[in-house]
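Q: Line by line, the protein sequences give chains A and B.
Mind the numbering: the first sequence is residues 83 to 493 in my numbering, read in order.
Mind the numbering: the second sequence is residues 83 to 493 in my numbering, read in order.
Treat the hints with care, as some may be off.
To be verified - Quick list of the computed label-pair ranges, beta carbon to beta carbon: (1) B:A491 to A:A416: 24 to 30 Å; (2) A:D324 to B:D222: 17 to 23 Å; (3) A:R129 to B:M417: 53 to 59 Å; (4) A:D474 to B:D125: 29 to 35 Å; (5) A:D148 to B:M417: 15 to 21 Å; (6) B:A124 to A:R129: 17 to 23 Å; (7) A:D289 to B:D345: 40 to 46 Å.
As the list claims (entries may be wrong) - Some chain A residues flagged as far from chain B (calculated, every beta-carbon gap over 12 Å): (8) D233; (9) D237; (10) D289; (11) L322; (12) P412; (13) G443; (14) S473; (15) A491.
Worth flagging that the hints you see were computed from the coordinates, not collected in a lab.
We put the CB at the ideal spot given by N, CA and C, even for glycine.
Protein chains: 2
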Amino acid sequence: MTDRETCIAQDRTDPLAGLRDAFRLPGDVTYLDGNSLGPLPADLPERLADVVQRQWGDGLIRSWNDAGWIDAPRRVGDKIAPLIGAGPGEVAAADSTSVNLFKLLAGALRLRPGRRVILSEPENFPTDLYIMQGLIELLDRDFELRRAEPDRLADAMDDDVAVVALTHVNYKTGRMHDMAAVTAAAHDAGALMLWDLAHSAGAVPVDLAAAQADLAVGCGYKYLNGGPGAPAFLYVSRALQDEFHQPLSGWLGHISPFAFESDYRPADGIGRNLCGTPPILSMLALDCALDIWRDVDLAAVRNKSVALTDLFIELVERDCAGMGLELASPRDAAMRGSQVSFRHSDGYAVMQALIAQGVIGDFRAPNLLRFGFAPLYIRYVDVWDAAAALSDILRNRAWDDPAYKQRAAVT
Amino acid sequence: MTDRETCIAQDRTDPLAGLRDAFRLPGDVTYLDGNSLGPLPADLPERLADVVQRQWGDGLIRSWNDAGWIDAPRRVGDKIAPLIGAGPGEVAAADSTSVNLFKLLAGALRLRPGRRVILSEPENFPTDLYIMQGLIELLDRDFELRRAEPDRLADAMDDDVAVVALTHVNYKTGRMHDMAAVTAAAHDAGALMLWDLAHSAGAVPVDLAAAQADLAVGCGYKYLNGGPGAPAFLYVSRALQDEFHQPLSGWLGHISPFAFESDYRPADGIGRNLCGTPPILSMLALDCALDIWRDVDLAAVRNKSVALTDLFIELVERDCAGMGLELASPRDAAMRGSQVSFRHSDGYAVMQALIAQGVIGDFRAPNLLRFGFAPLYIRYVDVWDAAAALSDILRNRAWDDPAYKQRAAVT
Numbered sequence: 083m084t085d086r087e088t089c090i091a092q093d094r095t096d097p098l099a100g101l102r103d104a105f106r107l108p109g110d111v112t113y114l115d116g117n118s119l120g121p122l123p124a125d126l127p128e129r130l131a132d133v134v135q136r137q138w139g140d141g142l143i144r145s146w147n148d149a150g151w152i153d154a155p156r157r158v159g160d161k162i163a164p165l166i167g168a169g170p171g172e173v174a175a176a177d178s179t180s181v182n183l184f185k186l187l188a189g190a191l192r193l194r195p196g197r198r199v200i201l202s203e204p205e206n207f208p209t210d211l212y213i214m215q216g217l218i219e220l221l222d223r224d225f226e227l228r229r230a231e232p233d234r235l236a237d238a239m240d241d242d243v244a245v246v247a248l249t250h251v252n253y254k255t256g257r258m259h260d261m262a263a264v265t266a267a268a269h270d271a272g273a274l275m276l277w278d279l280a281h282s283a284g285a286v287p288v289d290l291a292a293a294q295a296d297l298a299v300g301c302g303y304k305y306l307n308g309g310p311g312a313p314a315f316l317y318v319s320r321a322l323q324d325e326f327h328q329p330l331s332g333w334l335g336h337i338s339p340f341a342f343e344s345d346y347r348p349a350d351g352i353g354r355n356l357c358g359t360p361p362i363l364s365m366l367a368l369d370c371a372l373d374i375w376r377d378v379d380l381a382a383v384r385n386k387s388v389a390l391t392d393l394f395i396e397l398v399e400r401d402c403a404g405m406g407l408e409l410a411s412p413r414d415a416a417m418r419g420s421q422v423s424f425r426h427s428d429g430y431a432v433m434q435a436l437i438a439q440g441v442i443g444d445f446r447a448p449n450l451l452r453f454g455f456a457p458l459y460i461r462y463v464d465v466w467d468a469a470a471a472l473s474d475i476l477r478n479r480a481w482d483d484p485a486y487k488q489r490a491a492v493t
Numbered sequence: 083m084t085d086r087e088t089c090i091a092q093d094r095t096d097p098l099a100g101l102r103d104a105f106r107l108p109g110d111v112t113y114l115d116g117n118s119l120g121p122l123p124a125d126l127p128e129r130l131a132d133v134v135q136r137q138w139g140d141g142l143i144r145s146w147n148d149a150g151w152i153d154a155p156r157r158v159g160d161k162i163a164p165l166i167g168a169g170p171g172e173v174a175a176a177d178s179t180s181v182n183l184f185k186l187l188a189g190a191l192r193l194r195p196g197r198r199v200i201l202s203e204p205e206n207f208p209t210d211l212y213i214m215q216g217l218i219e220l221l222d223r224d225f226e227l228r229r230a231e232p233d234r235l236a237d238a239m240d241d242d243v244a245v246v247a248l249t250h251v252n253y254k255t256g257r258m259h260d261m262a263a264v265t266a267a268a269h270d271a272g273a274l275m276l277w278d279l280a281h282s283a284g285a286v287p288v289d290l291a292a293a294q295a296d297l298a299v300g301c302g303y304k305y306l307n308g309g310p311g312a313p314a315f316l317y318v319s320r321a322l323q324d325e326f327h328q329p330l331s332g333w334l335g336h337i338s339p340f341a342f343e344s345d346y347r348p349a350d351g352i353g354r355n356l357c358g359t360p361p362i363l364s365m366l367a368l369d370c371a372l373d374i375w376r377d378v379d380l381a382a383v384r385n386k387s388v389a390l391t392d393l394f395i396e397l398v399e400r401d402c403a404g405m406g407l408e409l410a411s412p413r414d415a416a417m418r419g420s421q422v423s424f425r426h427s428d429g430y431a432v433m434q435a436l437i438a439q440g441v442i443g444d445f446r447a448p449n450l451l452r453f454g455f456a457p458l459y460i461r462y463v464d465v466w467d468a469a470a471a472l473s474d475i476l477r478n479r480a481w482d483d484p485a486y487k488q489r490a491a492v493t
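In isolation and in its complexed conformation, chain A is listed as follows:
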């Protein structure tokens, strides 16, 4: 029978335990929302102060060369690459996930002329669907956004499909697609495959090369801990790069941006997918956060992720039985990302009550309690404490308080 002491003992033998010190977590919270915003890396305040005071303040414009700002999108991309099974020169950090998705979808449609369908799923993250809708409306031709449930995707892949665009790990439930199988099915249908790795990079094993994925985008501020609104990333497989053209052809994607030519000529390689000047302060915060991953064993990350999420499900189902919770995540860890979600009819208020007790997860409409378990800094004892707090709140109906039902702008 798992008790709190067992959890503390597991933390003592956890091979990743030392990584918690790479973050500056407040002492009074159990932070299970790193799938939404990762915590502050311990080195970051000093690193960013140097960027601000020495690089910007003293170096001024010279830092574009002297501090290597101009190379940051590619350099940061190369730090992300090993976390997603990509090679050097296949990833760039830039813009937001939404903007990058627009670039890659537009480029994908261009590579499959005559095909008129973007295939996705109804429960994809909304911004992905919105961006598809915006692109299709702009093109004002015969394009279509087709949505198929995960188990019907293969059936929906006919020869009208130009690109299959899915989020690898579902933001609500943590359900994880079989990347290799879905990619192979897309290719069999003659379509390109685009993965949104927002809830995958830094959380679950991703091997874009092994899956032969064509395109990917992802987020810098969740499991990569780059700070609020950190630049996102994009991936274009080496094989596709020379023929790939995206429409946000800003000057930093030009082959020679400082020649100030009148006509656009795309840079070689991944660089042609850059657009405007990147937000350097946010970019170098992400750069700093990525250094934490340098010697991390990704297999150990996955093992711990599975153990933490299994443990949370076990404890919650044991201690909150009959209290209105229903598991919304796959029970099979092989199909699950690094998060666990439960449905509760008063989910919003329950989450507010938890947050008031220092256990920070989040709520997703209409009824989901969402808990992220980032293996770099979450301990087994945190899992215990979160489950115990949840059980207390439900048992005492502590959530049934008008103060916890007041909706904030950001849920």
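Could you slot chain B onto chain A? The hints should help.
A: For chain B alone, kept in the frame of chain A given last:
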């Protein structure tokens, strides 16, 4: 006859002199490149440290509500508005200038169905032209980028023109368009008018409302001093907002982003022009930098800008006569932004020699020496010192050194 003492005396009576203390400028440089990257605001290191450590580190995900991160694009936009003659709710800070230009051009074409021309000028900033090219190529219909020289623009405005898109102050020469006259001509032709204010906001008087301009974009890191790659801004006139639809329809432009609906419904007002999650560290650096403008008299800024640039032209033409320089900027201050450019056949090496002496301007291919005069922190004595250094370098041919001819990545 102007001498260094005269300049020092002018600084003593300069009504804006005190604003220099709002910046942390290195003691050993004369910084005439604020038109490319503004200097570090003195308050910024402390403000940003608070954002990083208290808001992100302690507040974590809660700061989206508690620290008002979610409102930052609109709040920062409202701080930019008075600098460009816009009202509250007409400006948002977001993305890069290039991305914002794509949004607004695409939205403009949609509002003028049947018209197939984007009208610009050959010497517009390249990223503006590249973005127009990328959009037109994506649309793959009968659209055209038409380029007309500034004095031929009116002739080029036929009833095929959907939108006239120009940069108000030319990045090379500082030549300034007559915003009201060009906008009126565009409207007479039935076209929308879009201004790129990258070299205008914070440098010269801009009154979008008085000019009845429809759309504008601009830069946060030049005269607004928001830091390297700071978020850009966009403006959509109140009158146009309800009917305006842009294709980068990411979740932060949704009317209810945290309802996570399956279909895009645009937010009311300027908010529908947002796309993905903004880079908060860079955004709040810009927010801090904008506070410097709170009580600044914009008429005094213009007066000083004209005086500084007139003085620089006077001194350089007096002290560097016959040394191969040719004025590339309008001599008439009424047609000039807050910069002065001179042509020199060895311009790159001359600028490197100047920078080596601590006078930082920049070079623009093929032969332009570019000097920006930001009235908030540039003194009359700086103008004197820069002109004196330039004259020394040319007289002694100090630029004629292989070290100064080695091109860096960023020029």
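Q: With reference to the structure, classify each hint as holding or not holding.
A: These are the hints, each one checked on the structure:
1. For A491 of chain B and A416 of chain A, the Cβ-Cβ distance of about 46 Å falls outside the hinted range of 24 to 30 Å, so the restraint is violated.
2. At roughly 21 Å, the beta-carbon separation of D324 of chain A and D222 of chain B lies within the given 17 to 23 Å, and the hint holds.
3. For R129 of chain A and M417 of chain B, the hinted distance range of 53 to 59 Å is not satisfied, since their beta carbons lie about 45 Å from each other.
4. Taken as a hint, the range 29 to 35 Å is violated for the pair D474 of chain A and D125 of chain B, whose Cβ atoms sit roughly 44 Å apart.
5. Taken as a hint, the range 15 to 21 Å is violated for the pair D148 of chain A and M417 of chain B, whose Cβ atoms sit roughly 35 Å apart.
6. Range check, A124 of chain B to R129 of chain A: about 21 Å between beta-carbon atoms, so the 17 to 23 Å window is met.
7. Checked against the given bound of 40 to 46 Å, the beta carbons of D289 of chain A and D345 of chain B, roughly 33 Å apart, lie outside it.
8. The claim that D233 of chain A lies off the interface holds: its Cβ sits roughly 18 Å from the closest Cβ of chain B, which is beyond the 12 Å cut-off.
9. For D237 of chain A, the non-interface assignment is confirmed: its Cβ lies about 20 Å from the closest Cβ of chain B, beyond the 12 Å cut-off.
10. The claim that D289 of chain A lies off the interface holds: its Cβ sits roughly 26 Å from the closest Cβ of chain B, which is beyond the 12 Å cut-off.
11. For L322 of chain A, the non-interface assignment is confirmed: its Cβ lies about 18 Å from the closest Cβ of chain B, beyond the 12 Å cut-off.
12. Separation of P412 of chain A from chain B is adequate, the least Cβ-Cβ distance of about 20 Å exceeding the 12 Å criterion.
13. Annotated as non-interface, G443 of chain A brings its C-beta within 12 Å of a C-beta of chain B; the closest such distance is 9 Å.
14. For S473 of chain A, the condition that its CB be more than 12 Å from all CB atoms of chain B holds, with the nearest at approximately 23 Å.
15. At roughly 5 Å, the least C-beta separation between A491 of chain A and chain B is not larger than 12 Å, which violates its mark as non-interface.
When the structure is compared with the earlier hints, violations turn up for hints 1, 3, 4, 5, 7, 13, 15 and for no others.
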